[in-house]
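Trainee: Sequence:
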Amino acid sequence: MVPHQFGFTETQRFPRELVEELEGQGHSVYFGTMLFHTDRFYGSGSPEAMAMVLRTICQGMKVCVEIVLMAADGGLVARGEEVIAVSGTGQGADTAVVAIASTSHRLHDLHVTEIICKPLQSRSWVRGTSPYDPRARDLRDAQDATGD
Numbered sequence: 001m002v003p004h005q006f007g008f009t010e011t012q013r014f015p016r017e018l019v020e021e022l023e024g025q026g027h028s029v030y031f032g033t034m035l036f037h038t039d040r041f042y043g044s045g046s047p048e049a050m051a052m053v054l055r056t057i058c059q060g061m062k063v064c065v066e067i068v069l070m071a072a073d074g075g076l077v078a079r080g081e082e083v084i085a086v087s088g089t090g091q092g093a094d095t096a097v098v099a100i101a102s103t104s105h106r107l108h109d110l111h112v113t114e115i116i117c118k119p120l121q122s123r124s125w126v127r128g129t130s131p132y133d134p135r136a137r138d139l140r141d142a143q144d145a146t147g148d
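Numbering-wise, the working numbering puts 71 at position 71 of the sequence shown, and it's gapless, one number per residue.
Hints may contain errors.
Said to hold, decoys possible - Just the calculated beta-carbon pair ranges, DEER-fashion: (1) H108 / R16: 34 to 40 Å; (2) T56 / R16: 33 to 39 Å; (3) H105 / Q25: 26 to 32 Å.
Please keep in mind that the hints were generated in silico from the structure rather than gathered at the bench. The C-beta atom is built at its ideal place from N, Cα and C for all residues, glycine as well.
Given only the sequences and the hints, what does the whole structure look like? Please build it.
Mentor: Rendered as structure tokens:
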């Protein structure tokens, strides 16, 4: 399990009780650095550009790639190991991939070999609209307000 790093928000969103429960069941819980959330420190650059490209598939794809890198950086999985990464929102998991793990230092060795599932509609694109449709932003904002 690779939740948000400490300090990502004012309070840790992943309950300590859940960490203890998961570890009691033999699972590892790793709070590593979220590699694509460095813009406040470094400014926009390669990590942010990569995150934006992955989000064109869906937000969960960015998170899946990020947690595979974090897990490998933290020694939870080996470089070259086939893993399944699952991500989602507060409303549940919606994206899963099979990937060949790698560390952030050797990012080019990470390969997503299969997309198990992903949302039909990403946050950056509203189904039924053109990416250039001026109504798309209003529809996204309306979805954000309702949580859909």
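Trainee: Each of the hints needs a verdict: does it hold here or not?
Mentor: Hint by hint, here is what the structure shows:
no. : hint                   : verdict
1   : H108 / R16: 34 to 40 Å : holds (36 Å)
2   : T56 / R16: 33 to 39 Å  : holds (36 Å)
3   : H105 / Q25: 26 to 32 Å : holds (31 Å)
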